[in-house]
Amino acid sequence: MAINTRAASVALPWRFAGVHLSGFPVIPTAILAGIALVAIFANVIAPYNPEIGALGERFRPPFWQTGGSEAHLLGTDHLGRDVLSRLIFGARVSMVVGFTAVIFAGIVGTALGILAGYLGSWVDQVIMRVTDAWLAVPALTYAIFLAAIIGPSEMNIVIILGLVYWTRYARVIRGEVLSLKERDFVRLAIVAGCSKRTIMKKHILPNVLNSAIVLGTLMLGVVIVTEASLSFLGVGVPPPKPAWGLMLADGKKGLMAGYWWLTVLPGACIMLMVLSANLLGDWLRVKLDPQLRQL
Amino acid sequence: MRKFIVRRLGYSLLSLALLSITIFLFVRVTGDPAVLLVEPGASKADLEQVRQQFGLDRPLIVQYGTFITSLLRGDFGQSFYYRTPVLDLYLSRLPNSLLLAVAAMAFSLVIGIPTGIIAAVRVNGWWDSAGKIFSLLGLSLPSFWVGLVMILFFSVFLGWLPSSGAGTPAHVIMPAFALGWYFAAAHMRLTRSSMLEVLGSEYVKLARLKGLPEALVIVKHAFKNALIPVLTLAGINLVIMVNVAVVVETVFAWPGIGRLLYEGITFRDFPVVQATVLLSGAMIVFVNLLVDVLYAVIDPRIRLER
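Chains as they are written, first to last, in my numbering: chain A, 1 to 295; chain B, 296 to 601.
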């Protein structure tokens with residue numbers, strides 16, 4: 001019977017890495033993939049240069065409103081820059097910053113989590129006490145502080161977000177490692193004479209990777225919102241780069257005049273991306289990692 | 296019990312010490328700290344004076360000693376922009392932040408608890424799905440965007456509410472909503488899971504077996520017990536709200552701590568930024584300690600652990 005099910009599962013294309021694709025969040029994944037494609041081909045799709053505007057064309061509404069035109073489908077901002085083009089290039093900023101920061105934080109956090117969990121004793125104490133101390137300050141406040149010190153640039157934002165968020169991974173991964181290291185396969189590896197290094201690399205790491213991926217997907221939304229908040233506050237991606245958070249900050253200039261498209265559209269993009277990442281993360285959590293279901 | 300409190304207190308102090316060390320090191324490792332500690336546009340002589348004053352040419356450990364002793368004396372430095380001690384500035388803004396946090400908390404509980412209960416009672420039903428969507432939206436919508444869209448609607452288009460500032464009850468409504476929105480979702484999630492746990496317990500089963508009406512079971516037996524973790528979280532979240540409101544306060548020009556932090560970055564007023572980070576860390580460490588100790592007082596099992 002067992003052999004039968006295995007054979008059947010191999011034949012099914014809807015199964016990979018032992019995961020059934022039932023209830024797969026098609027729409028969120030499609031949205032994320034769409035945003036990724038837009039980000040990759042931004043310079044092909046965007047109708048205008050996102051950083052150069054024509055002051056004569058300031059505050060044009062989207063095409064369906066009176067005063068709008070087909071030339072600027074989603075209107076223009078306070079410098080006459082095309083909103084659609086800025087949104088398209090903004091996707092690139094969000095994607096690049098979001099993914100690199102999540103991966104950076106993930107690598108640091110997972111490595112430290114494994115070290116703390118497996119080696120125990122003082123290594124564990126040091127890493128976990130630092131984690132606790134860093135978790136005490138709200139992520140955004142900490143990020144603002146770091147940004148104030150090292151100054152804003154796209155690269156620095158990634159570093160800052162990585163420095164702020166590795167602690168989340170370290171906590172969860174350490175907990176997993178603590179239970180993993182009591183399992184038979186690890187004990188056997190010790191008996192077989194594997195070095196600590198080998199055990200951590202070959203036996204522990206592959207087993208915590210699922211959790212790290214789930215966490216990473218869930219963190220993507222958090223990181224994107226933090227990046228947008230930093231840019232909104234003026235310590236994120238520096239202008240005139242088109243980042244969604246920066247567009248919201250600029251949009252505030254036209255808010256009281258009722259230029260809604262400058263506020264609603266970039267925020268809607270952030271929301272779509274974050275919501276999709278969260279839905280995908282939720283699904284992955286249930287599918288890949290039964291232990292994280294309670295999170 | 297005393298042993299537990301002492302150990303827990305030790306951890307908290309250690310956390311604070313580590314936090315101050317990291318902040319201290321970040322300032323000094325990433326470049327010339329004198330540039331941060333001196334007003335923007337200061338002369339070379341001023342820079343030199345700051346170096347002398349803070350002993351920036353001395354070994355790090357000595358510098359840290361001076362740094363931490365002045366902090367312990369409540370000396371967080373002088374604001375470049377306001378020309379007053381940073382601590383005074385911080386304390387003068389704190390009441391506004393607390394007011395906003397309390398309003399946001401009230402809103403988040405009024406929304407979060409009832410929806411959480413309904414979702415748990417009608418688990419997997421229509422209400423539950425609606426609640427899931429609500430909590431997902433709450434956790435996914437950036438609070439500052441919620442704030443901006445509300446300004447657009449209620450201030451610009453409808454003209455019902457003031458768009459910024461503080462002073463009247465009407466000023467509190469929108470910032471409280473924008474800030475509380477995220478927490479409402481979090482409180483709803485916790486109420487739901489806590490209710491589900493309690494509803495599956497023996498004493499609720501017994502209450503049902505006794506033949507009590509379902510409404511009474513839910514209100515009298517389940518709800519009261521399910522509320523404990525929610526209120527604990529709410530207590531912690533209140534302190535967190537005071538410290539995470541920076542974007543919301545910026546959007547609504549609300550004169551709280553968050554706004555102070557924002558002014559700190561825009562005016563390159565580094566002592567303000569540093570003090571805000573340190574004090575928010577201290578506040579959160581303290582409230583966590585308080586909750587742990589209170590829990591240990593209530594539940595002996597916790598203090599026997601480890």
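Do not rely on the hints blindly, as some may be mistaken.
Taking CB as the label site, the calculated pair distances span [as the list claims (entries may be wrong)]:
#1 B:Val405 x A:Val123: 43 to 49 Å
#2 B:Leu504 x A:Lys202: 40 to 46 Å
#3 A:Glu70 x B:Ser387: 35 to 41 Å
#4 B:Ser459 x A:Val264: 32 to 38 Å
#5 B:Phe562 x A:Ile190: 30 to 36 Å
#6 A:Lys202 x B:Lys500: 45 to 51 Å
#7 B:Gly305 x A:Ile45: 42 to 48 Å
#8 B:Gln348 x A:Ser179: 47 to 53 Å
#9 A:Leu205 x B:Leu432: 33 to 39 Å
#10 B:Asp341 x A:Ser179: 41 to 47 Å
#11 B:Asp341 x A:Val286: 54 to 60 Å
#12 A:Val286 x B:Glu497: 51 to 57 Å
#13 A:Val286 x B:Ile523: 46 to 52 Å
Hints in this document: simulated from the structure, not taken from any laboratory. All C-beta atoms in this analysis are idealised placements derived from N, C-alpha and C, irrespective of residue type, glycine included.
Hints the structure fails to honour:
Hints 2, 3, 4, 5, 7, 10, 12 and 13 are the ones this structure does not satisfy, whereas the remaining hints hold.
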